[in-house]
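Student: Read off the chains here:
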Amino acid sequence: MTMGDGPLNIMLRGGDPATEAGYADAPPRMGFFTDTSVCIGCKACEVACKEWNGVPEDGLDWTGWSHDNSQGLGADTWRHVAFIEQRAPVGGHVTNFQRGTADQVGGQDGFRWLMSSDVCKHCTDAACLDVCPTGAIFRTEFGTVVVQADICNGCGYCVPACPYGVLDKREDDGRIFKCTLCYDRLEVGQEPACAKACPTDSIQFGELEELRARAGHRVEQLHEAGVIEARLYGHDPEDGVGGDGAFFLLLDEPEVYGLPPDPVVTTRDLPTMWKRVGVAAGVMLAATAASFVGAAR
Amino acid sequence: MSDEAVTREGQEGARPGREARTWSGVNGGRRRPEPTDHTRGSYYGNSIINPPVWEERDIAGYLFAGGLAGASSLLAAGADLTGRPRLARRAKLCATTAIGASLAALINDLGRPARFLNMLRVFKPTSPMSVGVWILFVYAPLNVAGSASELTGIVPRLGRAAGVGAGLLGPAVSSYTAALIADTAVPAWHEGHREMPFLFVGSAASAGAGFGLLAAPLAENAPARRMALLGAAGELVAEQLLERRLGMVVETMREGTAGRRLKVAKALTVAGALGAGALARRSRVAAALSGGALLAASALTRFGIFAAGMASARDPKYTVEPQRARLDQHSG
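Protein sequences, first through last, are from chains A and B.
Residues 1 to 297 (my numbering) are what the first sequence spells out, left to right.
Residues 298 to 629 (my numbering) are what the second sequence spells out, left to right.
Please keep in mind that the hints were generated in silico from the structure rather than gathered at the bench.
We put the beta carbon where it would ideally sit given N, CA and C, even for glycine.
The reader is advised that the hints may include incorrect statements.
Said to hold, decoys possible - With a cut-off of at most 16 Å between alpha-carbon atoms, the simulated EDC-like pairs for lysine to aspartate or glutamate come out as follows:
#, chain 1, residue 1, chain 2, residue 2
1, A, Lys196, A, Glu57
2, B, Lys614, A, Glu253
3, B, Lys563, B, Glu540
4, A, Lys196, A, Asp184
5, B, Lys614, A, Asp262
As the list claims (entries may be wrong) - Computed beta-carbon distance windows for the label pairs:
#, chain 1, residue 1, chain 2, residue 2, range
6, B, Asn343, A, Thr200, 22 to 30 Å
7, A, Gly22, B, Thr554, 38 to 46 Å
8, A, Ala296, B, Arg354, 37 to 45 Å
9, B, Glu552, A, Asp25, 50 to 58 Å
10, A, Thr200, B, Ala622, 23 to 31 Å
11, B, Ala458, A, Ala286, 18 to 26 Å
Take these sequences, add in the hints, and give me the full structure.
Tutor: See the structure below:
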């Protein structure tokens, strides 16, 4: 019998998911820290990911009024760079808009781009892994979450289970695909393709513990510099998914970037659901029995 | 770019080579933006979660047919044990047909139908789909055995035992699907996870009873009449409680396709239950009409719940606003 490691993780929150999943001698948990304050929206991560992982093209539809032509994470977009235009300056940064050369566009309030490279969060309590009925989704020794393409039968349960909207079905294939945190590269001592390609170190790859420390330092640094809206997202092991293996530094509310503000792993409520299912089934049995007892002939 | 290596002992090599600039000196940190500068909202209206990739016909259809099968098995077992042979026979065949159609729909909905048997690699209590597959793995053959024996007259005792076994599993078949859809991040399904099992068994019971009223002669339909009343009452009460639980997400059950389906479903449930209670004892036609209304109501309820879930998944506000409210509540 194979069990998902979700409930166990919930009980032992803060523990190492690979160890809890049964790896006797697991290496340190690896992850991403994506510092969006230095993302320049070059999309090198998207390209590197597609090239390395052989991810097919999935349309080039522009989102709204932005430079985003990959829309969001899905079966064929494992890194997605979000572009957000706002009438606000970033920190003490002076732009031409503030100098009055383009009042009609930015006005006196300034103008900024938010750019952020989104990716699978490799949750500590991963709903996709919990609900996968075939065991295709598994926890690696690095604490990451990977879909095995040779096992997945495309039931699609993980797709709506993910609170971040990461997994999706590749329509012409039928199976589900997502970021593997370049499991193949990690196994041979290489860092993931997106981090390798990122020219500004907006995507930082490393041991999760160290990344969390680095991120904390970076937020302090930004706050001191006046960028008070800088905040971490997904770094907290006490959050609804037990903390993300891939977490972010954001410059606005998560939902502005298309991220849920307070995601919770759905299986946290599964014990309640099973209890309720049991009671409901019992009620149905009893009600049916009552329908027969003493019924007219 | 960095030149790092990850080994079993951990990460080796260079860390990012420089500190990123913060512009703190550029303008003396003149501008201090307030967090309220930027409107809360969404990313160009895109959904936050990825909506289910399930086909409505297959999966909403399964929610209905699976419920019908489970309740029909239960009704058949009861009829068998209390000497109502015609009701037992017809309900048994209904259950077998419905569960057969369910399995076909479930397999058809897979991205790789040929890999259906991969479902049997593992048993995972954390996955309602896995639990459901194993329930069906026992339930469906019992149904087929019971029906085959019923039709052929071969090994009647074993066939009867199989039918009773299927009946005992019926409530599990009818209720686990509530956990199946509630165990997702779909707001309209997950937020209702406490009430959904009761709504589903109520809907299943009224469907099974509806079939009983439609198919059984007047002399044998008394249990179906009672089951119809209990099922319909349970369904309506559970739906009320569920709607109350959903908060603002309840819009998805009241508007659009889901709203229309659920409204008609409620009306048909009430009409069917009234007919079953008042007229189905005396009139074969009234019994059949009431039964038909209840069957249609159950199907519309399942398709309505399915549509509400899809609507709540597509619009980011149903994901963001309840989570935002939760955060605001926690921070005082």
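Student: Each hint should be assessed against the structure and marked as holding or not.
Tutor: Taking the hints in turn, this is what the structure says about them:
For the proposed pair A:Lys196 and A:Glu57, the alpha carbon gap of about 21 Å is over 16 Å, so the pair is violated. A C-alpha spacing of about 14 Å is found between B:Lys614 and A:Glu253, which places the hinted pair at or below 16 Å, so the restraint holds. A distance of roughly 13 Å separates the Cα atoms of B:Lys563 and B:Glu540; the hinted pair therefore holds under the 16 Å criterion. Taking the CA atoms of A:Lys196 and A:Asp184, the gap is about 14 Å. The hint holds against a cut of 16 Å.
Straight-line distance between C-alpha atoms of B:Lys614 and A:Asp262 comes to about 13 Å, which keeps the hinted pair within the 16 Å bound. As the Cβ distance of B:Asn343 to A:Thr200 is approximately 25 Å, the hint placing it in 22 to 30 Å holds. Between A:Gly22 and B:Thr554, the C-beta spacing of about 45 Å keeps the proposed range 38 to 46 Å intact. As the Cβ distance of A:Ala296 to B:Arg354 is approximately 39 Å, the hint placing it in 37 to 45 Å holds.
Our hint of 50 to 58 Å for B:Glu552 and A:Asp25 holds, since their Cβ atoms are close to 54 Å apart. A:Thr200 and B:Ala622 have their C-beta atoms about 36 Å apart, which leaves the hinted 23 to 31 Å range violated. A C-beta distance of roughly 22 Å is found between B:Ala458 and A:Ala286, which places it inside the suggested range of 18 to 26 Å.
Of the hints listed earlier, those the structure fails to meet are numbers 1 and 10, in rising order.
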